[in-house]
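Spelled out, the chains give:
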Amino acid sequence: MDRRKFLKASAGAVAGAVLASQLTSGLAQGALEGEDLANLEKGLQQVLGKGFKDMTVSQQVKLTAPTIAESGANVPVEIEASLPAEQVKAIHCFSDKNANPLLFTVILNGVLPYYATRVRVAETAPVRAIVETKDGKFLMASQSVRVTVGGCG
Amino acid sequence: MPINILVRFTPAKPKAGEEVRVQIVAQHPMEPGTRRDASGKVIPADHITELNVLMDNQLIAQVKPGPGTSANPLFAFKMKASKAGQIKVTCKDLTGQTGERTADLTLA
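Going down the list, the protein sequences come from chains G and F. Count along the first sequence starting at 1, add 2, and that's the number in my numbering. Count along the second sequence starting at 1, add 292, and that's the number in my numbering.
Rather than coming from a laboratory, the hints here were simulated on the basis of the structure. Worth double-checking, as some hints may not be accurate.
[As the list claims (entries may be wrong)] List time: in silico DSSO-like cross-link candidates among lysine-lysine, alpha-carbon distance up to 27 Å:
no. : chain 1 : residue 1 : chain 2 : residue 2
1   : F       : Lys-372   : G       : Lys-99
2   : G       : Lys-91    : F       : Lys-372
3   : G       : Lys-52    : F       : Lys-356
4   : G       : Lys-91    : F       : Lys-370
5   : F       : Lys-307   : F       : Lys-356
6   : G       : Lys-91    : G       : Lys-139
7   : G       : Lys-139   : G       : Lys-52
8   : F       : Lys-370   : G       : Lys-136
9   : G       : Lys-55    : F       : Lys-356
10  : G       : Lys-55    : G       : Lys-7
11  : F       : Lys-372   : G       : Lys-139
12  : G       : Lys-44    : G       : Lys-136
13  : G       : Lys-7     : G       : Lys-52
14  : F       : Lys-333   : G       : Lys-139
15  : G       : Lys-99    : F       : Lys-333
Computed from a predicted model, the values in this text were never measured in an experiment.
Please build the complete structure, drawing on both the sequences and the hints.
And the structure:
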């Protein structure tokens, strides 16, 4: 995991050199709480045939999920893309630490790029909304959900 | 027993061209296959694997929920209410049970 090594290395260098405030801002961009890229990568490869590095973080994807969920068995998730409806092919949703990281796939054909559902999250981990466009791009939005009681055990 | 599906439109009677939210709820336990019962035995997986939404017999959306979808799941979409028509929802689960429900979308 090159990205992780890079983050660790850069975080260490920053901590040695500069103020703590700069360190926290650097971490906020890099890691989300409970991130597990190895497990996520497995799911992405299996479902999309793409890796995490092929995902583009985009402001055009809006993911609404609670930051703290009391029960992991019932987490409301809302995904909206500010793209024309005809450009969006599918919406995928993943959670890093679930045994099966894929939460759902929705193929859209004539409805607006919006989807809301309730998912199970095994433990505190980021939920990732991935919007697949017709021209083969993967736009991603992530948000960490803190879970007190897991939804899969 | 067939899977019971409920369909609701918000607003119930949209004006032509207005955005309408289609809410679908399927009554299903959605067992992920990882939970254990009181005696410690794994409850076998039983969840909906496919849900199709058709408008006048044309597929407009298809959901493939994995084990990571909650019990009695909600599926909500938004669409432009350009014309009145019939929404048909069909689904099937891992044990081969199916469910079907039709609802008429009428314009104000």
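Tested hints:
no., hint, result
1, F:Lys-372 / G:Lys-99, "36 Å, violated"
2, G:Lys-91 / F:Lys-372, "17 Å, holds"
3, G:Lys-52 / F:Lys-356, "19 Å, holds"
4, G:Lys-91 / F:Lys-370, "15 Å, holds"
5, F:Lys-307 / F:Lys-356, "31 Å, violated"
6, G:Lys-91 / G:Lys-139, "10 Å, holds"
7, G:Lys-139 / G:Lys-52, "11 Å, holds"
8, F:Lys-370 / G:Lys-136, "19 Å, holds"
9, G:Lys-55 / F:Lys-356, "24 Å, holds"
10, G:Lys-55 / G:Lys-7, "14 Å, holds"
11, F:Lys-372 / G:Lys-139, "25 Å, holds"
12, G:Lys-44 / G:Lys-136, "23 Å, holds"
13, G:Lys-7 / G:Lys-52, "21 Å, holds"
14, F:Lys-333 / G:Lys-139, "43 Å, violated"
15, G:Lys-99 / F:Lys-333, "23 Å, holds"
Of the numbered hints given earlier, the model fails hints 1, 5, 14; all others are met.
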